[in-house]
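Enquirer: Heads up: the sequence lines are chains F and V, in that order.
With this note's numbering as the guide, the letters of the first sequence map in order to residues 1 to 528.
With this note's numbering as the guide, the letters of the second sequence map in order to residues 1 to 528.
Please note: incorrect hints may appear among the correct ones.
[Stated by the list, open to error] Residues on chain V that point at chain F, a partial pick, calculated with CB under 10 Å:
hint : residue
1    : PRO48
2    : SER202
3    : LEU503
[Unchecked claim] A few chain F positions that, by computed beta-carbon distances, are all more than 12 Å from chain V:
hint : residue
4    : VAL14
5    : ALA102
6    : VAL488
[Unchecked claim] These stretches of chain V come out as covered by chain F in the derived footprint (C-beta under 8 Å, 3 or more residues):
hint : region
7    : 30 to 40
8    : 456 to 464
9    : 504 to 511
No wet-lab data here; the hints were simulated from the structure.
None of the values given here were measured: they were computed from a predicted structure.
Just so it is clear, CB atoms sit at the ideal spot from N, CA and C, and this is done for glycine as well.
Number of protein chains: 2
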Amino acid sequence: MRRWNGWGDDTLSVPLPAGALEWLAARAGAASPVPDASLAQALAAVPPSRLPPHRLVRTDALERLLHARGQSLPDWIALRGGRIERFPDGVARPSSEEEVRALLHYAAQTDARLIPYGGGTSVVGHVNPGAEPTLTVNLRGLNRLRRLDAESRLASFGAGAAGPEIEAALRARGFTLGHYPQSFEYSTLGGWVATRSAGQESLGYGRIEQLFAGGRLETPAGRLALPCVPASAAGPDLRALVLGSEGRLGIVTEATVRIAPLPERQTVTAVFFPAWSAGLAAAREIAQATLPLTMLRLSHPAETETTLALAGDSRGLRLLRRMIELRGLGEGRCLLLAGAAGGGPRVRRARGELLALARRHGGVRVTDAFGRRWRGTRFRAPYLRNALWEHGYALDALETALPWARVPALVEAVERALREAAATFGERLHVFTHLSHLYPTGSSVYTTYLFRVAVDPDETLARWRACKRAASEAIVAAGGTISHQHGVGLDHQPYLAAEKGELGVAALQALCRQFDPRGVMNPGKLVE
Amino acid sequence: MRRWNGWGDDTLSVPLPAGALEWLAARAGAASPVPDASLAQALAAVPPSRLPPHRLVRTDALERLLHARGQSLPDWIALRGGRIERFPDGVARPSSEEEVRALLHYAAQTDARLIPYGGGTSVVGHVNPGAEPTLTVNLRGLNRLRRLDAESRLASFGAGAAGPEIEAALRARGFTLGHYPQSFEYSTLGGWVATRSAGQESLGYGRIEQLFAGGRLETPAGRLALPCVPASAAGPDLRALVLGSEGRLGIVTEATVRIAPLPERQTVTAVFFPAWSAGLAAAREIAQATLPLTMLRLSHPAETETTLALAGDSRGLRLLRRMIELRGLGEGRCLLLAGAAGGGPRVRRARGELLALARRHGGVRVTDAFGRRWRGTRFRAPYLRNALWEHGYALDALETALPWARVPALVEAVERALREAAATFGERLHVFTHLSHLYPTGSSVYTTYLFRVAVDPDETLARWRACKRAASEAIVAAGGTISHQHGVGLDHQPYLAAEKGELGVAALQALCRQFDPRGVMNPGKLVE
């Protein structure tokens with residue numbers, strides 16, 4: 001079962017390693033657990049449904065509670081604090097396009113709002129209902145592989161297919177999609193398309209924008225079919241309207257994706273650099289050398305230390321620490337992880353070129369066990385959020401992307417803005433940053449911060465608000481995008497006009513009116 | 001000077017090689033020259049301007065004639081036959097964004113239509129005026145490099161910069177854009193963006209969609225500024241609205257592009273395959289192997305023979321023919337050209353992997369002189385259109401793209417449709433095809449056809465119409481895009497709804513209304 005008020009499978013816990021709490025206490029203050037609201041309390045708060053009955057619509061309290069919120073920190077604060085406030089009035093789980101169309105018809109007749117729902121893993125409020133009567137449409141029933149054209153390397157799935165279902169269906173036929181966002185185990189193809197998702201291996205396989213070749217969108221104004229051609233000059237690419245539409249234009253029901261052969265070999269190489277400036281210069285050169293790598297990820301020194309501290313205290317790790325210190329890499333060191341995949345010779349060559357570039361900047365390669373460990377546990381990392389919360393720490397992350405020339409100043413500005421915001425409410429943050437997706441022209445910047453949960457949920461929410469606002473303003477001031485991979489939803493909406501311009505926002509609103517004249521699709525998200 | 005009624009520089013002629021006319025006569029019938037209208041006749045047909053005076057607007061007959069048409073075959077028929085019919089009422093050559101805005105203001109006050117004009121190389125009617133009073137805005141005055149961020153590999157140009165200006169400015173700083181459409185010598189950055197241009201080396205450098213990182217659009221509703229970030233999940237990507245907008249939303253005045261270091265070495269390898277099926281299989285495997293190549297181009301047997309026939313009869317070519325025949329490559333052979341660029345080791349490796357794949361399909365590599373010749377003369381090829389017309393032959397090309405599994409049937413269907421159309425007007429076509437842009441999931445298909453010019457321009461136009469309609473219907477029936485690289489303009493508009501759907505066309509119309517409420521921007525192009 002999914003946890004109703006946290007991340008992941010409720011039979012799986014990832015405890016903090018020994019010493020981690022002391023380490024965090026020295027950085028963000030000693031914390032104590034804050035009691036959570038119980039499931040019974042949360043269920044008791046679900047009000048009667050305002051929707052008339054329909055054969056596809058369930059209105060029981062548990063189903064409505066389970067679809068009330070996503071995975072943002074405000075969502076957690078509401079769920080853990082028992083202050084959920086708004087619930088969908090009903091939940092439908094269609095299993096065909098015809099049922100999706102029936103639900104659009106039902107919404108039109110009943111004046112209900114519709115929220116498309118995939119894995120419920122949004123961290124920016126994409127699936128939260130507004131004040132109006134709302135039907136949440138869970139698309140997990142549309143999860144099958146529908147067609148596979150091996151010659152053209154194209155596969156069509158129902159949009160509700162989750163990451164593991166997609167990879168299992170493709171693996172059986174010798175292919176992979178290669179899209180691994182951290183939410184991979186739960187998030188869905190339709191959700192990836194609607195939010196412009198970026199997987200951890202986007203360097204090799206592409207973001208969902210590059211992988212999404214065509215598909216279908218059911219809208220209040222009818223069906224939009226996006227043909228699947230390798231490229232076209234026939235006017236604006238309508239796929240781009242659907243990518244990032246966040247449920248405002250309609251419901252993605254099918255997506256055709258570009259697939260790749262299963263790689264013979266996959267590696268993750270770990271390299272330590274003596275300083276941030278050296279790591280940054282190397283990472284940029286490697287990204288600009290367009291080597292056949294699938295992933296690049298560079299941790300800032302504070303994140304590097306956090307990774308080492310939270311990795312536990314195994315004999316292997318102690319040896320690793322001693323080894324890199326003997327090589328002169330002490331305070332200020334930073335960690336680069338680089339993934340490669342494909343045939344043996346290609347992987348060897350990519351690693352060889354990578355290491356040659358890294359060495360020119362003082363990079364020291366460490367054992368592959370380090371990279372293997374990252375790869376093996378990457379979908380376990382979000383479980384640490386549960387453990388941290390249970391010890392009294394709230395964890396949030398925010399991200400942007402911008403040209404290389406502005407990356408170093410932005411990293412400093414965001415971390416400073418967060419620390420200054422925390423000072424206003426008398427707390428210390430532990431904050432750390434990595435570059436998660438590297439491009440020839442720039443990089444994403446992913447900053448994680450951790451602070452103590454207050455006893456009063458409203459106070460915890462106020463702390464988050466102060467941090468989020470300060471960091472978002474720093475991002476806007478630096479000309480970064482307000483989101484590289486999480487989307488807009490509710491939380492980033494105040495900053496969208498700075499990026500798109502008033503005219504750009506008006507254009508998006510015109511598109512919403514065109515596809516959804518009565519404004520029933522996921523209102524309040526993306527644009528007003 | 002540009003030719004007023006044909007391709008290119010009027011001091012440059014590329015004559016047909018010896019024997020070419022006999023070779024063509026055997027395939028499309030013997031032709032005789034048809035006299036063209038003179039420049040004096042064409043100028044005499046320019047009617048008085050309907051526009052009120054403005055300091056930026058020229059209304060002399062020559063300027064208006066020179067901006068009346070593009071380079072489509074219907075444009076040629078009109079220009080050569082002296083049946084131009086519609087001219088812009090004025091031509092402005094702004095040299096700043098402020099002047100562009102002044103022209104938008106002038107159009108609003110005078111109810112004039114505006115046509116943005118770059119190099120005038122459209123082959124689908126993008127720049128042709130309609131019936132209403134029209135001002136053509138020639139953007140060649142906005143042709144400077146404005147900013148270059150070497151660290152982030154981004155360069156901003158005025159949108160009127162033509163290919164050679166862009167490459168010269170970048171070359172001086174050690175960079176290249178790598179965008180080489182056949183119109184490279186005249187077409188402009190803004191035109192590439194507005195028509196979703198694909199350069200011959202798009203395999204390595206990307207189509208303009210991948211190169212266009214941000215920019216500015218001046219619209220009747222105000223300025224749309226597109227920020228330049230490496231990637232974003234902040235809602236739909238507004239660059240995609242501008243890419244392919246064909247002047248309907250506004251005027252692109254500045255574009256920031258992703259640049260690459262100048263390659264140390266560039267090669268074009270030529271390989272002959274014994275049959276189309278072998279060449280096709282090899283080309284697909286090479287495209288799917290994602291080697292670091294910059295270009296792949298596979299000619300169908302009829303195009304291969306045409307290339308050899310029109311390449312002339314030098315001693316080198318005779319040796320080449322004898323060599324490939326000795327290797328058993330006779331009738332049905334087809335030619336693959338593959339470009340590579342970069343450092344020496346990368347180029348060597350790419351060529352090595354390419355040739356290993358090619359050999360598995362019976363490919364025979366020939367001298368690099370063949371590839372060098374293609375590279376050296378690639379922008380001379382369109383001049384052959386002049387020579388052919390002057391001998392009484394009209395030449396046109398059309399193109400699409402579709403998944404690999406449907407490529408072979410589409411090639412046959414388009415060629416058959418063209419031959420059958422020609423039969424209805426009692427002519428034989430010479431028709432030949434190549435795959436010009438290859439992708440892992442599919443390929444573009446580029447078909448060239450040649451027929452005799454009739455004495456009556458209306459009859460020549462009717463011949464073109466019959467051919468174009470038949471081929472376009474075959475493309476639509478096969479599910480190909482109506483244009484892979486030429487755009488929609490006037491000529492492809494009847495087929496756009498089949499591809500975009502009614503709802504998709506309505507969305508484009510909604511965007512036009514949003515940016516251009518009074519419908520003054522390039523009316524009639526792209527969508528009605």
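Enquirer: Would you mind marking each hint as holding or not holding in the structure?
Expert: Each hint, compared with the structure:
no. : hint       : in the structure
1   : PRO48      : violated (35 Å)
2   : SER202     : holds (8 Å)
3   : LEU503     : holds (5 Å)
4   : VAL14      : holds (27 Å)
5   : ALA102     : holds (19 Å)
6   : VAL488     : violated (5 Å)
7   : 30 to 40   : violated (count 0)
8   : 456 to 464 : violated (count 0)
9   : 504 to 511 : holds (count 6)
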